[in-house]
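Colleague: As a plain string of letters, each chain reads:
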Amino acid sequence: MTAFIIKRLLSAIPTLLILIIFSFLLMHSAPGGPFSSDRPLPPEVLANIEAKYHLDDPLPLQIWNYVVGVVTQFDFGPSFQYKDRTVNEIIGQGFPVTLTYGTISFVVAVVFGCALGMMAALKQNTWLDYLAVGISIGAQVLPNFVMAPILVLIFTLWLGWLPGGGWNGGAWPYLIMPVIALSTSFMASIARIMRSSLLEVMHSNFIRTARAKGLSSRDILFQHALKPAMLPVISYLGPTFVIMITGSVVIDLYFTTGGIGQAFVNSALNRDYSVMMGITILVGCLTIFFNLIVDILYAWIDPKIKL
Amino acid sequence: MISIRTLTSTTILGLMLSASPLAAETHPVTNEALADEQVFVYRVGDEFASIDPQLSEDVQGGEFIRDLFEGLMNQDADGNLVPGVATHFEANADNTVYTFHLRDNAKWSDGKPVTAADFEYAWKRLADPETASPYSWFAEEMGIVNISEVMAGDLDPSELGVKALDDHTLEVRLENSMGHFPLMTTSEPTFPSPRWAVEAHGDDWTKPENIVSNGAYILTERVPQERSVRERNPLYWDNQNTILERVEALVISDESAALTRYLADELHRTEVPTGQFGALSEKHPEEAVTFPRLCSYYYFINMTENTHPALLDPRVREALYLAIDRDVITNAILQGGEFPAYSFTPEATANFVSPANPAKEMTQAERDERAAALLAEAGFDGSEIELDLLYNTSESHKKIAIIVSQMWKQKLGVETVLQNMEWKTFLEARSNQEFDIGRAGWCGPYNLASSFLDLMSSTHAYNDAGFANAEVDRLLDEAKVSADPSANFTRIEEILTTEYPIIPIYHYAGVYMMDETLRNWPVNNVEQKWYSRALYFAAE
Numbered sequence: 001m002t003a004f005i006i007k008r009l010l011s012a013i014p015t016l017l018i019l020i021i022f023s024f025l026l027m028h029s030a031p032g033g034p035f036s037s038d039r040p041l042p043p044e045v046l047a048n049i050e051a052k053y054h055l056d057d058p059l060p061l062q063i064w065n066y067v068v069g070v071v072t073q074f075d076f077g078p079s080f081q082y083k084d085r086t087v088n089e090i091i092g093q094g095f096p097v098t099l100t101y102g103t104i105s106f107v108v109a110v111v112f113g114c115a116l117g118m119m120a121a122l123k124q125n126t127w128l129d130y131l132a133v134g135i136s137i138g139a140q141v142l143p144n145f146v147m148a149p150i151l152v153l154i155f156t157l158w159l160g161w162l163p164g165g166g167w168n169g170g171a172w173p174y175l176i177m178p179v180i181a182l183s184t185s186f187m188a189s190i191a192r193i194m195r196s197s198l199l200e201v202m203h204s205n206f207i208r209t210a211r212a213k214g215l216s217s218r219d220i221l222f223q224h225a226l227k228p229a230m231l232p233v234i235s236y237l238g239p240t241f242v243i244m245i246t247g248s249v250v251i252d253l254y255f256t257t258g259g260i261g262q263a264f265v266n267s268a269l270n271r272d273y274s275v276m277m278g279i280t281i282l283v284g285c286l287t288i289f290f291n292l293i294v295d296i297l298y299a300w301i302d303p304k305i306k307l
Numbered sequence: 001m002i003s004i005r006t007l008t009s010t011t012i013l014g015l016m017l018s019a020s021p022l023a024a025e026t027h028p029v030t031n032e033a034l035a036d037e038q039v040f041v042y043r044v045g046d047e048f049a050s051i052d053p054q055l056s057e058d059v060q061g062g063e064f065i066r067d068l069f070e071g072l073m074n075q076d077a078d079g080n081l082v083p084g085v086a087t088h089f090e091a092n093a094d095n096t097v098y099t100f101h102l103r104d105n106a107k108w109s110d111g112k113p114v115t116a117a118d119f120e121y122a123w124k125r126l127a128d129p130e131t132a133s134p135y136s137w138f139a140e141e142m143g144i145v146n147i148s149e150v151m152a153g154d155l156d157p158s159e160l161g162v163k164a165l166d167d168h169t170l171e172v173r174l175e176n177s178m179g180h181f182p183l184m185t186t187s188e189p190t191f192p193s194p195r196w197a198v199e200a201h202g203d204d205w206t207k208p209e210n211i212v213s214n215g216a217y218i219l220t221e222r223v224p225q226e227r228s229v230r231e232r233n234p235l236y237w238d239n240q241n242t243i244l245e246r247v248e249a250l251v252i253s254d255e256s257a258a259l260t261r262y263l264a265d266e267l268h269r270t271e272v273p274t275g276q277f278g279a280l281s282e283k284h285p286e287e288a289v290t291f292p293r294l295c296s297y298y299y300f301i302n303m304t305e306n307t308h309p310a311l312l313d314p315r316v317r318e319a320l321y322l323a324i325d326r327d328v329i330t331n332a333i334l335q336g337g338e339f340p341a342y343s344f345t346p347e348a349t350a351n352f353v354s355p356a357n358p359a360k361e362m363t364q365a366e367r368d369e370r371a372a373a374l375l376a377e378a379g380f381d382g383s384e385i386e387l388d389l390l391y392n393t394s395e396s397h398k399k400i401a402i403i404v405s406q407m408w409k410q411k412l413g414v415e416t417v418l419q420n421m422e423w424k425t426f427l428e429a430r431s432n433q434e435f436d437i438g439r440a441g442w443c444g445p446y447n448l449a450s451s452f453l454d455l456m457s458s459t460h461a462y463n464d465a466g467f468a469n470a471e472v473d474r475l476l477d478e479a480k481v482s483a484d485p486s487a488n489f490t491r492i493e494e495i496l497t498t499e500y501p502i503i504p505i506y507h508y509a510g511v512y513m514m515d516e517t518l519r520n521w522p523v524n525n526v527e528q529k530w531y532s533r534a535l536y537f538a539a540e
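Residue numbers (our numbering), protein chains in the order written: chain A, 1 to 307; chain B, 1 to 540.
By construction, these hints were calculated from the structure, which means they are not laboratory data. Quick caveat: nothing in here was measured; it's all calculated off a predicted structure. We put the CB at the ideal spot given by N, CA and C, even for glycine. It is possible that some hints are incorrect.
[What the hints assert, rightly or not] Calculated pairs, DSS-like style, for lysine-lysine (alpha carbon to alpha carbon, straight line, at most 27 Å):
id	chain 1	residue 1	chain 2	residue 2
1	B	Lys283	B	Lys112
2	B	Lys207	B	Lys112
3	B	Lys409	B	Lys360
4	B	Lys360	A	Lys83
5	A	Lys83	B	Lys398
6	B	Lys529	B	Lys107
7	B	Lys283	B	Lys360
8	A	Lys227	A	Lys306
9	B	Lys529	A	Lys52
10	A	Lys52	B	Lys424
11	A	Lys7	A	Lys306
12	B	Lys163	B	Lys112
13	B	Lys360	B	Lys398
14	B	Lys124	B	Lys424
15	A	Lys213	A	Lys7
16	B	Lys399	B	Lys409
17	B	Lys107	B	Lys124
18	B	Lys424	B	Lys398
19	B	Lys399	B	Lys360
20	A	Lys83	B	Lys529
21	A	Lys83	B	Lys112
22	B	Lys480	B	Lys424
23	A	Lys227	A	Lys213
24	B	Lys424	A	Lys83
25	B	Lys409	B	Lys398
26	B	Lys207	A	Lys52
27	A	Lys83	B	Lys480
[Claimed, not checked] Listed next, with one range per pair, are the computed distances between beta-carbon atoms:
id	chain 1	residue 1	chain 2	residue 2	range
28	B	Asp46	A	Ser196	40 to 46 Å
29	A	Leu25	B	Glu471	45 to 51 Å
30	A	Asp57	B	Pro208	32 to 38 Å
31	B	Asp46	A	Leu25	55 to 61 Å
32	B	Asp167	A	Pro43	34 to 40 Å
33	A	Leu25	B	Glu422	17 to 23 Å
34	A	Ala299	B	Asp46	45 to 51 Å
35	A	Trp64	B	Lys399	44 to 50 Å
36	A	Lys52	B	Ala365	54 to 60 Å
37	B	Asn92	A	Asn168	18 to 24 Å
38	B	Asp477	A	Asp56	44 to 50 Å
Please build the complete structure, drawing on both the sequences and the hints.
Modeller: If you want it as structure tokens, here you go:
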């Protein structure tokens, strides 16, 4: 196990390096640059600015200096767009926001998704099943960019219960709508996966054996069926968690939470290279880390898997 | 250091306590009853990139800087020059040397006096290649002696033609005569900066914990991508006439989300999304406001060798100009009080006399008829012409491009291929002349025809379309040194409506939802230079 973890962490290094190099090259091949603007800058001004940000160095040197800066000083450089902020500050401000509502949404999606899926599977072909399936299909077809304005219309404009946006340090009234809008469709997916996987397990031989032994339905579910039924759900949850805590562009934009999703999109539109790189690396690291967690969970749940 | 800070904050507290009874009851001039709460919350579409006066280049940053800092001169609600830190100025006979006299009671927010040296420092900083300001071109427009050499790094910034003669006298020497120079001192890049704070904190000096400013407000809170707060500055020289206590800018990118939050009373001002003004003004007549802006929306025609050959014939360009029914665009699509544009310079521009333009007087049917005739005269069959129309991503640009391409198709048979690109890609395509016709919008940086017509100079940085006319260049050069250049501008507009390098479509309007108790919004200031200290809320 320890050897596996160490091996995986070591293999993350070349993965990240490749990610950095590819992102760097892709970014620089996009038309325009951080300082191209409506009114083109006089050449001498542009030269001054590019020199200030070392954009006049050859690309391999830029990548090298960047990697050295990141590794030796954990310095992701200054933002090209926001003159008084560094990438570390931008991520340090935006990531906790996204992490907060992402984690809460994740918990909500997992709890309600699993509950719905289990209910549907255990009461297959009853009205409970149809209700659960109906809810999850309904939730799935309502993407968050439709959900967000509807929620605001109802809870802010008509009922006047909740603020229509903002973050305010994460006070709970500001959290409710982002969490609902973000978790709903993930909850629906989890419910669907949970339902089909649990149905399959419940029809398998070892469950029939357990039933024949006279175990109660409760014991069968919690001691025998749930663990194997969770495997497909868990492999879905790893990447989903990363998406939820980093990529909620719609939520950030619509509720102006100030999260990292919006910063990422803005950096791409503004060609704010350093911010774009910083967030890409963050997402890369999180993806690698949570894939590792998923693998470890797999081994823990399924004794057939040896790490 | 610590003791100075404590002292300052105690002084501030004391002043605030003594000032608070003043801030309420009635307005000193209008005697109108004032609302108890004087907090203004408005929407900005985007986070400002910087509030460093010498580095900022966006509109939302400019709005902050006008509150946090004060330049030599200000504008009043109608756009007239009024004293700022300078009480008055004089110029020599040929308008090449300006002397500004600064008031002696202006203070920085840390208690230091505002001196002429602070302006000298700021202007040199703007020009200094070390600062690498994206707005340094403004310094070049100001035409200060040695500016080009300083910007290019050939001369030391200390050689720039600006000098503090003493604490309260600033002398500026210009390379050419410029009658409108004082107007430029209402622009943010010319505002002073506190050398000691800039040197102590570097790029971080504009953060709330470090910033030292001399305007009516101080920056007290900043949550990037969410909100920024400014509160009144008790040390501001005219603080007794400031009424708004606190101004909050909320970053809300989505226009309709912002409108919903306005309707839920979370904001006092927001922009009206395209096409919704009619419905909103019917429902909320007191709150939906529209007023003319000094901005033009236009299409420019590629006149380089990369263009469609038909476009090199002025008759074809004129036909395209005539075939656009501008009333449909302003009345049916935009619906926010915009004005159809037949000339580049808005007619509201100060001292601008627009030339006689027969096209403007015609009915649309007459224009269409003439357009078809011109195309035939030029020897083109419309259906053989296919033009690339380039615009950047936006709902309203798209709607306009679609309807214009329909008009050209119906009236002239000309096919248009719509090329939608995100902003930076658009800029790249534009500067590489990869288009036949492109979209542009331009707001005059100051209320003069030259702030529009300069774009038509063959050497202007914004002139990507390759229009070059020797007479226009000469008239522009002449206008720079002339005491009354308005005849030159009229003549340039006349040339534009014989050569048709651009197709003006409409002049912008400021279209807002605004709380009905918010008073004094400068709707007549065509540049929309607004200052929070002039605004207030009346009691309901």
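Colleague: For every hint, state whether the structure bears it out.
Modeller: Do the hints match the structure? See the list:
Proposed proximity of Lys283 of chain B and Lys112 of chain B is contradicted: the alpha carbons are some 50 Å apart, above 27 Å. Straight-line distance between C-alpha atoms of Lys207 of chain B and Lys112 of chain B comes to about 19 Å, which keeps the hinted pair within the 27 Å bound. With a CA separation close to 22 Å, the supplied pair Lys409 of chain B and Lys360 of chain B stays within the 27 Å bound. Proposed proximity of Lys360 of chain B and Lys83 of chain A is contradicted: the alpha carbons are some 46 Å apart, above 27 Å.
With a C-alpha separation of about 32 Å, the suggested pairing of Lys83 of chain A with Lys398 of chain B is violated against the 27 Å cut-off. Of the pairs offered as hints, the one joining Lys529 of chain B and Lys107 of chain B holds, with about 22 Å between alpha carbons and a cut-off of 27 Å not exceeded. For the given pair, Lys283 of chain B sits about 34 Å from Lys360 of chain B by alpha-carbon distance, which is inconsistent with the 27 Å threshold. As the CA atoms of Lys227 of chain A and Lys306 of chain A are separated by approximately 16 Å, the hinted pair is consistent with the 27 Å bound.
For the hint linking Lys529 of chain B to Lys52 of chain A, the alpha-carbon distance of about 32 Å lies beyond 27 Å, and the restraint is violated. This hinted pair checks out: Lys52 of chain A and Lys424 of chain B have alpha carbons roughly 21 Å apart, not beyond 27 Å. For the suggested pair Lys7 of chain A and Lys306 of chain A, the alpha carbons sit about 14 Å apart, so the restraint of at most 27 Å is met. For the hint pairing Lys163 of chain B with Lys112 of chain B, the CA-to-CA distance comes to about 20 Å; that is within 27 Å, so the pair holds.
The straight-line distance between the Cα atoms of Lys360 of chain B and Lys398 of chain B is roughly 25 Å, inside the 27 Å bound, and the hint therefore holds. About 30 Å separates the Cα atoms of Lys124 of chain B and Lys424 of chain B, which puts this hinted pair outside 27 Å; it is violated. For the hint pairing Lys213 of chain A with Lys7 of chain A, the CA-to-CA distance comes to about 43 Å; that exceeds 27 Å, so the pair is violated. A distance of roughly 15 Å separates the Cα atoms of Lys399 of chain B and Lys409 of chain B; the hinted pair therefore holds under the 27 Å criterion.
The suggested pairing of Lys107 of chain B with Lys124 of chain B holds, with an alpha-carbon distance near 21 Å, which does not exceed 27 Å. At most 27 Å may separate the alpha-carbon atoms for a hinted pair to count; Lys424 of chain B and Lys398 of chain B meet this at roughly 17 Å. Under the criterion of a C-alpha separation no larger than 27 Å, the hint pairing Lys399 of chain B with Lys360 of chain B is consistent with the structure, at around 23 Å. Pair hint Lys83 of chain A plus Lys529 of chain B holds up; C-alpha atoms about 23 Å apart against a cutoff of 27 Å.
With a C-alpha separation of about 25 Å, the suggested pair Lys83 of chain A and Lys112 of chain B falls inside the 27 Å cut-off, and the hint holds. Between Lys480 of chain B and Lys424 of chain B the alpha-carbon distance is near 33 Å, which puts this suggested pair outside the 27 Å criterion. For the hint linking Lys227 of chain A to Lys213 of chain A, the alpha-carbon distance of about 19 Å falls within 27 Å, and the restraint holds. Pair hint Lys424 of chain B plus Lys83 of chain A holds up; C-alpha atoms about 19 Å apart against a cutoff of 27 Å.
Restraint check for Lys409 of chain B and Lys398 of chain B: satisfied, since their Cα atoms lie roughly 16 Å apart, inside the 27 Å limit. A hinted pair counts as satisfied when its Cα atoms are at most 27 Å apart, and Lys207 of chain B with Lys52 of chain A qualifies at roughly 21 Å. Restraint check for Lys83 of chain A and Lys480 of chain B: not satisfied, since their Cα atoms lie roughly 34 Å apart, outside the 27 Å limit. Hint check: Asp46 of chain B to Ser196 of chain A, Cβ distance near 44 Å, so the stated range 40 to 46 Å holds.
At about 48 Å, the CB distance of Leu25 of chain A to Glu471 of chain B agrees with the hint of 45 to 51 Å. About 34 Å separates the C-beta atoms of Asp57 of chain A and Pro208 of chain B, a value consistent with the hinted range of 32 to 38 Å. Take Asp46 of chain B and Leu25 of chain A: their Cβ atoms lie about 28 Å apart, and the range 55 to 61 Å is violated. A hinted range of 34 to 40 Å holds for the C-beta pair Asp167 of chain B and Pro43 of chain A, which are about 38 Å apart.
At roughly 20 Å, the beta-carbon separation of Leu25 of chain A and Glu422 of chain B lies within the given 17 to 23 Å, and the hint holds. One distance hint, 45 to 51 Å for the beta-carbon pair Ala299 of chain A and Asp46 of chain B, holds here, with the actual separation near 47 Å. For the hinted restraint 44 to 50 Å between Trp64 of chain A and Lys399 of chain B, the CB-CB distance of approximately 47 Å keeps it satisfied. At about 57 Å, the beta-carbon gap between Lys52 of chain A and Ala365 of chain B stays in the expected band of 54 to 60 Å.
A beta carbon spacing of about 56 Å between Asn92 of chain B and Asn168 of chain A contradicts the range 18 to 24 Å that was offered as a hint. A hinted range of 44 to 50 Å is violated for the C-beta pair Asp477 of chain B and Asp56 of chain A, which are about 34 Å apart.
In this structure, the hints that do not hold are numbers 1, 4, 5, 7, 9, 14, 15, 22, 27, 31, 37 and 38, in rising order.
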